[in-house]
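Those protein sequence lines, which keep their order, are chains A and C. Heads up, the first sequence is in my numbering, so the first residue is 1 and it goes up one at a time. Heads up, the second sequence is in my numbering, so the first residue is 1 and it goes up one at a time.
It cannot be assumed that every hint is accurate.
[To be verified] Restricting the straight-line Cα-Cα distance to at most 20 angstroms, the calculated cross-link-like pairs of lysine to aspartate or glutamate (DMTMM-like) are:
(1) A:LYS23 - A:GLU63
(2) C:LYS444 - A:GLU63
(3) C:LYS291 - C:GLU237
(4) C:LYS518 - A:GLU106
(5) C:LYS390 - C:ASP328
(6) C:LYS442 - C:ASP460
(7) C:LYS863 - C:ASP850
(8) A:LYS23 - C:ASP607
(9) C:LYS291 - C:ASP247
(10) C:LYS444 - C:ASP460
(11) C:LYS381 - C:ASP106
(12) C:LYS518 - A:GLU63
(13) C:LYS518 - A:GLU75
(14) C:LYS772 - C:GLU913
(15) C:LYS846 - C:ASP820
[What the hints assert, rightly or not] Anything over 12 angstroms on all C-beta distances counts as not near chain C; from chain A, calculated:
(16) GLY35
(17) ILE54
(18) SER72
(19) ALA79
(20) SER80
(21) ARG85
(22) GLN87
(23) GLU106
(24) LYS143
(25) ALA156
(26) ARG159
(27) ASN163
(28) LEU177
(29) ALA180
(30) LYS220
[Unchecked claim] If you want the footprint, here are the derived chain A segments under chain C, 3+ residues with CB under 8 angstroms:
(31) 93-103
(32) 122-132
(33) 144-150
Calculated from the structure, these hints are not laboratory results. Ideal placement from N, C-alpha and C gives every residue a C-beta, glycine not left out.
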Amino acid sequence: MPLVELKNVSRHYVDPGSGQRVKVLSHVSLTIEPGESLAIVGPSGCGKSTLLNILGTLDLPDEGELWFEGKSMKELPPASLADFRSQHLGFIFQLHHLLPQCTVLENVLMPALALKQHDAKATLARAKQLLSAVGLQDRMQWKPAQLSGGERQRAAVVRALINQPKLILADEPTGALDEANAAVLTDLLLSLQKETGVALVLVTHHPAQAARMSRTLSLKEGTLSSTIG
Amino acid sequence: MSIWQLSLQSARHYWRSHLGLLLGTFLASAVLTGSLLVGESVKGSLRHAAAMRLGKVKAAVLGGDRWFTENLARKSNATPVVFATGSASAVSGKLRANGVQVLGVDDTFFQLTLGGSNLKLASGEAAINEALASRLGLKQNDAFITRMEKPSSISRDAPLSGEANDDVALRRRITSIIPADGGGNFQLQASQISVPTVFLALSDLQLQLEMEGKVNVLLRDSTEGLAHQLETQKSIEDFGITLVKDDKTSTWMLGTDRVFLDNEVVAKLLPILPKASPVLTYLVNGIHTGKGATPYSMVTAADGFGDGAIISQWLADDQKLAVGDELDLRYFTMSTGRELSPQSSKIKVSAVLPMTDPRVNETWTPHFPGISESQNCRDWKPGIPMETAKIRDQDEQYWDEYKATPKVFIPLSFGQKAWANRFGNLTGLRFTTDGLTEAAIKQKILQQLTLTDVGLHVRDLGSESAAAANGSVDFGGLFAGLSMFLIGAALIFAALLFLFTLERRAGQVGLLLAVGWKPSQVRRSMLAEAGVIGVVGTLLGTLGGIAYTKAALSALQGAWGGATAGLALTYSGKTSTIMIASLAALIVVVATLWWTSRRMFRLSAKDLLGGAWTNESVVRSSKSPIWIAAGGTVLAIGLSLAAPHAKLPEASAGMFFGAGFGLLAAALAIASLWMRRASLSTTVATSLNQVGRRNITRRPGRSLAAMAMMASGIFLVVAVNAFRMSADVDPSRRDTGTGGYALIGESSLPVYEDLNGKAGREAFSIDDDELKGVSVLPFRVREGDDASCLNLNASQNPQLVAVNVAKLVSAKAFFFTQGDWEALTKPGDTIPAAVDMNTAMWGLKKGVGDTLDYIDSNGKPFKVTIAALLAGSVLQGKVIIDESAFVKKFPDTAGYRFFLIEAPQEQADEVSELLTSQLEQRGLALEPTKQRLATFQTVQNTYIGIFTLLGGLGVVLGTFGLGILVARHVLERRGELGVMQAMGFTPAALKKMVLGEHLILLVGGLLIGLVSALLAVWPNLRDSTSDLPVSTIAYLLLAILLAGATACLLAVNGALRGSLTDAIRKE
């Protein structure tokens, strides 16, 4: 059974200037298997982030449906969607969005607070283990402002993994990093993905980064027009 | 980590961002706490004043005109007191104090004071309180004169009650000036104002008033068992009952020192006295027959003498009368007041009694004041006009020999038809001894009567004073109400700053939502964080509130003294009040933040993460402003058209106020529409100014908030100030608060004479011509609490006054908001009354149809219904009923003590001077009605002044908020301004543009507020009698405008500081 199925999804926006409907996604269908890594590439404004938001249940399609592990997400109320996200999804954004008032460790533990039940001790141990795995074992009690850009983003990756999600959605996670840090983060992401068996969807502009995924989809004018590699 | 820990940590981390929230919470909490503490302190001060006023006294029996034995008090472990009202003057006569209470007390009185002093006054000594000492400039060992009326055991209004003006003037040396806590502030009326008081030795005053062994007030430190003790210790003397044995006929004559027996007493005693026969003896002016006339004789009406008149042998001899001759009895009767009406009745002689007949004796005649004690007929002072020339030698001889023995006996029904009056229709009950001893008879009488039958009932002064101290005006509520704009501004300020913090953290909110937090969880976490700041702000606000209270109390003793009318204020805040206020402030702050942040939590994680919140919102078209603009305009036009036709001025003013408010809402809605439309405009801006104006429409919500804040502040301040009352009205106008009367005043002692008549004026040596064109409208007064706005106590027994309402009906005097004078003449189960609207609303907290409970002079409760409300009148504080109803309930309350005087304006001062000087002995004090009105209006104007200050502070705070809003707005645009600078615009030009666009908002708000307010106060502008404080309003507007402009300037300068081009890179 596929992990995620996107069936014939369309999404429109209304142009605030002209008032006209602008199609962002048009009849997009997509299947993601468990443990798979998938890159989505395409020019700016092609709808990559919209697609990612729909996959992350942060946005709802105008048409079509999102299925996760054989269950439709269509009729779920917002509270159930929130529970779903906390249990099954992990997010990495271009900006880290770490809470400056919290330590690195606390930031990493943040998604766990959204879980209805969790083993606090085990979660803490896991957070420490993951932070050590990404080389932040000495930074656990540091505040985000004390970290470098790469370290912040690594913390954001760990935060995405803390609830042991089945799918990680990464929206240009290296967009704000220099080349060296971007490469380190990509390596880290892939190694953790392989280690944990989590599926990964990565939105990126960089063909090289996309090439390291098991599959790459190209989004153009709202349509997943081709599959490369 | 829990959500709570996160909130705490966030509060700590973002403490700088939360300074605005902290300040807003601090202010809201301080003002709210302060307001409630002001109320608490005023109440505490009133309680303190009540404690000073009554000391340890908790119970009292107030006899008023009824005197009872001193022994009754002593046997009941109570303190006997003689209470009189009069005047006091310095020996020089230059300074005089009216309305002075003269108390005859012994040492037990001073033991009832708070300090429990051991002061003892000897005969000839006097003590005075600080109020009198300061009024007359007296000190220890100074001499002074106090004057009071000699009490009469019967109402001076009653026929044959003796001479009216029987005063006592005492010269005394001051041995002590009694401080407030030593009993100096003692008074029975609930008022915060100390009454000038003279204390004399009880026995001294009793002697001077010829009331030895009698008192009219009894005080005790507890009500417990007092009523029972009084009933067991009472004597027939306490009821004013006299018993005279007629040994010749073996009968008893039960009479009263009040001349006429109370109907209540008769009804109870007639059935139990053996073979009792009612008697009515009256003084006739003359017994005329065809054969002659005998002047001033007693005539007794009683059963058992047949149908005709039985005359004494002396009378028969005097006029050579025989059976069958017709007697023409000529006498006076009295109407409602003391007006005498000569009447006569004819009856034929049916028998002649020899002077040796045992029935011919003086026991039939009661004690007539001014007659019974006289040596000669010519010395009589019966209280009716006497023509002493008519008294012959044989009349004097009769008096010498037979004293007040009746000369004629007539049937009871005949006598009662002629002489029954509101004081009674019998002067005695004659009954056989039936073997009973005097003691047994007294015992029998006392078993039947209770002291309440004659109006002597125990008053629970402790409870009354506690209720009174709750205050007629809730200063806590009042200050909270007056501070509402300030509290609102503080809350908006807090909310605004909190929103800015939230805006900056929109990404965090988005992230938490994205990772699975529910919006409610995120919101709770954010509000908990705000709550932490709120708790700190509230705690600081509590301290600020205490400081605010102390400042407000100080102002209420100084500049705002008009609102507290002489009450000595002390801080007395309760911990519970502080906690309630703090908690309320915290709840209000958090609720405000919850409400104002609702929009953010409606946004999706995607929008928040994408920065949709911080970017300019897409202007959505909404129909609400159209509806608000249309509704507001219709409301403004409708109410403006209807207002001039409103019957009542308050309704008209209210309608214009509503119209102004409608216009304000409409104008703001139109401004909102314009901004929304302009934001969608496709017209190309061709100048920097146009670009600036376009920026106004960029965040319409913010622009509108700035404009609305200015407009609302100005609307409130201008509109409320326009209601400042001015006493600059034409006092001769009947439809004003003066009723068309030029003078108003009170007398310390009752005035019995008709000051509109020649005789009445002559009694005070006033030439009728001197008062040409002057008429006096007298009011009877039943002592009670002043229920006007000058008394901060909640009136428990509002003063009842009575007037001949027909005179006010014909004069069409005063203006009513509801009902009219005629409503007072309509009979019903209760007595209809007119009350000033302010008194009803604030003093009594009642309206038309509500009732007030009173107790009549016989101790029977009755109800007074408010039937009419006077608009802003000089009659504040009084409950006014028709005189005819009053005298039925209080026949003992004689004479008039409150006056309205109609006089030509140009003579008012002269008339005032004449009457005050000629009625000095009655302690008459007059003042122009205009002045009295101004005194009352001072209270309202003080409240407006308080509102202006507090509202003004709110506006100032609002301008700070405006400044922050501007700074925020400009900071958000630093990048684009940097780009513009890069394009070649000078920083000065950019600053001018940014400043200009915000000044447009400021001036726009000012104009909208001002125009709306002017419409609201149009009736006041149109009415020439109202005085619009133009200069005050102009200063306020200028101050607001300057504060706003300064805030904008500072904000723009601060936000544009540094290199704008750096901002491009940051963006």
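Comparing the hints with the structure gives:
For the suggested pair A:LYS23 and A:GLU63, the alpha carbons sit about 11 angstroms apart, so the restraint of at most 20 angstroms is met. Simply put, C:LYS444 and A:GLU63 have alpha-carbon atoms about 105 angstroms apart, too far for the 20 angstroms limit, and the pair is violated. Annotation: proposed proximity of C:LYS291 to C:GLU237 is violated, straight-line Cα distance about 44 angstroms (limit 20 angstroms). Proposed proximity of C:LYS518 and A:GLU106 is supported: the alpha carbons are some 19 angstroms apart, at most 20 angstroms.
Taking the CA atoms of C:LYS390 and C:ASP328, the gap is near 17 angstroms; set against the 20 angstroms cutoff, the hint holds. The straight-line distance between the Cα atoms of C:LYS442 and C:ASP460 is roughly 30 angstroms, outside the 20 angstroms bound, and the hint therefore fails. Pair hint C:LYS863 plus C:ASP850 holds up; C-alpha atoms about 10 angstroms apart against a cutoff of 20 angstroms. Restraint check: the Cα-Cα separation between A:LYS23 and C:ASP607 comes to about 18 angstroms, which is no more than 20 angstroms; the hinted pair holds.
Pair hint C:LYS291 plus C:ASP247 does not hold up; C-alpha atoms about 35 angstroms apart against a cutoff of 20 angstroms. With a CA separation close to 30 angstroms, the supplied pair C:LYS444 and C:ASP460 exceeds the 20 angstroms bound. For the given pair, C:LYS381 sits about 33 angstroms from C:ASP106 by alpha-carbon distance, which is inconsistent with the 20 angstroms threshold. Between the alpha carbons of C:LYS518 and A:GLU63 the distance comes to roughly 25 angstroms, so the proposed pair goes past 20 angstroms and is violated.
For a cut-off of 20 angstroms, the pair hint linking C:LYS518 to A:GLU75 stands: about 17 angstroms separates their Cα positions. For a cut-off of 20 angstroms, the pair hint linking C:LYS772 to C:GLU913 stands: about 15 angstroms separates their Cα positions. About 17 angstroms separates the Cα atoms of C:LYS846 and C:ASP820, which keeps this hinted pair within 20 angstroms; it holds. Against chain C, the non-interface label of A:GLY35 holds: every CB pair exceeds 12 angstroms, the least being about 22 angstroms.
With a closest Cβ-Cβ approach of about 9 angstroms to chain C, A:ILE54 is found to fall inside the 12 angstroms limit, against its non-interface label. Residue placement check: A:SER72 keeps its beta carbon more than 12 angstroms from all beta carbons of chain C (closest about 19 angstroms). Listed as a non-interface residue, A:ALA79 fails to keep its Cβ farther than 12 angstroms from every Cβ of chain C; the least gap is roughly 6 angstroms. Consistency note on A:SER80: stated as away from chain C, yet its beta-carbon is not over 12 angstroms from all of that chain's, at 10 angstroms minimum.
At roughly 4 angstroms from the closest C-beta of chain C, the C-beta of A:ARG85 falls inside 12 angstroms, breaking its exclusion from the interface. Not every Cβ of chain C is farther than 12 angstroms from the Cβ of A:GLN87; the closest lies at roughly 7 angstroms, contradicting the non-interface assignment. Look at A:GLU106: its CB is around 5 angstroms from the nearest CB on chain C, not clear of 12 angstroms, so calling it non-interface is violated. Interface exclusion of A:LYS143 from chain C breaks down, the closest Cβ pair being 8 angstroms apart, not more than 12 angstroms.
Non-interface status of A:ALA156 relative to chain C is broken: a Cβ of that chain comes within 12 angstroms, the nearest being about 9 angstroms off. The claim that A:ARG159 is not at the interface with chain C is violated, since a C-beta of that chain comes within 12 angstroms of its own (minimum 8 angstroms). For A:ASN163, the condition that its CB be more than 12 angstroms from all CB atoms of chain C is violated, with the nearest at approximately 8 angstroms. The non-interface label for A:LEU177 is consistent with chain C: the shortest C-beta to C-beta separation is roughly 18 angstroms, beyond 12 angstroms.
With a least beta-carbon separation of about 22 angstroms from chain C, A:ALA180 lies farther than 12 angstroms from that chain, consistent with its non-interface assignment. With a least CB separation of 21 angstroms from chain C, A:LYS220 remains clear of the 12 angstroms interface cut-off, as annotated. Here's how the stretch 93-103 of chain A fares: 7 of its residues keep a CB closer than 8 angstroms to some CB of chain C, so the rule of at least three is met and the hint holds. Counting residues of the stretch 122-132 of chain A whose CB lies closer than 8 angstroms to any CB of chain C gives 0, which falls below the minimum of 3, so the coverage claim is violated.
Against chain C, the stretch 144-150 of chain A contributes 0 residues with a C-beta closer than 8 angstroms to a partner C-beta. That does not satisfy the three-residue criterion, and the hint is violated.
Violation of the numbered hints given earlier is confined to hints 2, 3, 6, 9, 10, 11, 12, 17, 19, 20, 21, 22, 23, 24, 25, 26, 27, 32 and 33; the remaining hints are satisfied by the structure.
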